[in-house]
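Engineer: Sequence:
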Amino acid sequence: MGDKNITAKVHSFESFGAVDGPGVRFVVFLQGCDMRCLYCHNPETWDKNKGSEYTPEEIFEKAEKYSSYWGDDGGITVSGGEPLLQIDFLTEFFKLCRENGVNTCIDTSLQPFTREEPYFSKFKNLMNYTDLLLCDIKHIDPEIHLNLTGKKNDNIISCFRYLDEIDKPIWIRYVLVPKITDDDIYLKKTAEFIKSLSNVKKIEVLPYHTLGVPEYEKLKIPYRLKGVEPPDSDRVKNAIKILSSGVSSL
Numbered sequence: 019m020g021d022k023n024i025t026a027k028v029h030s031f032e033s034f035g036a037v038d039g040p041g042v043r044f045v046v047f048l049q050g051c052d053m054r055c056l057y058c059h060n061p062e063t064w065d066k067n068k069g070s071e072y073t074p075e076e077i078f079e080k081a082e083k084y085s086s087y088w089g090d091d092g093g094i095t096v097s098g099g100e101p102l103l104q105i106d107f108l109t110e111f112f113k114l115c116r117e118n119g120v121n122t123c124i125d126t127s128l129q130p131f132t133r134e135e136p137y138f139s140k141f142k143n144l145m146n147y148t149d150l151l152l153c154d155i156k157h158i159d160p161e162i163h164l165n166l167t168g169k170k171n172d173n174i175i176s177c178f179r180y181l182d183e184i185d186k187p188i189w190i191r192y193v194l195v196p197k198i199t200d201d202d203i204y205l206k207k208t209a210e211f212i213k214s215l216s217n218v219k220k221i222e223v224l225p226y227h228t229l230g231v232p233e234y235e236k237l238k239i240p241y242r243l244k245g246v247e248p249p250d251s252d253r254v255k256n257a258i259k260i261l262s263s264g265v266s267s268l
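In the working numbering, the protein residues as written are 19 to 268.
Simulated from the structure, these hints should not be mistaken for laboratory data.
Please note that the accuracy of each hint is not assured.
Quick list of the computed label-pair ranges, beta carbon to beta carbon [said to hold, decoys possible]:
| id | residue 1 | residue 2 | range |
| --- | --- | --- | --- |
| 1 | Lys-142 | Lys-68 | 25 to 31 Å |
| 2 | Asn-217 | Arg-54 | 26 to 32 Å |
| 3 | Ser-85 | Phe-211 | 32 to 38 Å |
| 4 | Pro-225 | Ser-139 | 35 to 41 Å |
| 5 | Asp-159 | Val-231 | 23 to 29 Å |
| 6 | Asp-172 | Ile-203 | 18 to 24 Å |
| 7 | Glu-32 | Asp-159 | 30 to 36 Å |
| 8 | Asp-252 | Lys-66 | 36 to 42 Å |
| 9 | Ser-30 | Tyr-204 | 30 to 36 Å |
If you're wondering where the values come from, they're calculated on a predicted model, not measured in any experiment.
Heads up, the beta-carbon is just placed ideally off N, CA and C, and yes, glycines get one too.
Just need the whole structure built from these sequences, with the hints factored in.
Structural biologist: Dropping the structure here:
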């Protein structure tokens, strides 16, 4: 048995998630993120010290009440913030899910990943209990990625390669932001990277939106994309076409 005393800092829950993996899902939003993406619409999840503490058992009991809605495809998704920052909890929670036959999914930027120990062994162990990952590609260019998120992307690329090595199914998510991620040159470079992976089951293009702006104002955090409008439908279709090109599994 695992560590019964381990807890997670939880931001919130969603009972009927329809866009967080296959089927209907119970979604756990964990607290804490080291990235500072310019377009983040959940800045209230950044602070690692906030949130309410729950054990794996407490969350599973809360989720299981909705299991009749999951059907054959649904299950539980852990999102954030960044769930991989709380990897010890995540592993214990997913062990519990696996013991009860519940499909598990992580919605992640992969940013905490490293092949250094002890994290790498913990990550490999977590993958034993993970059915699917929803992985963000913030930007393929290292310098733009650093400016966009505050973090480098070399370890993120390394994680994508590792997930491909172990043939772990992933969905790729790409936020389309005019003048930042919506450039055909970089979209094509991203497509080339995606083509090099054999484990991609789906690609989702998420149009940038401004729904999080009031939260920045509330937290007194400067919003650095002020004036940037959501992309039009033609640019979204263009991005989907480019990113999906040549991926045989789609």
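Engineer: Hint by hint, which ones does this structure get wrong, listed from lowest number up?
Structural biologist: none
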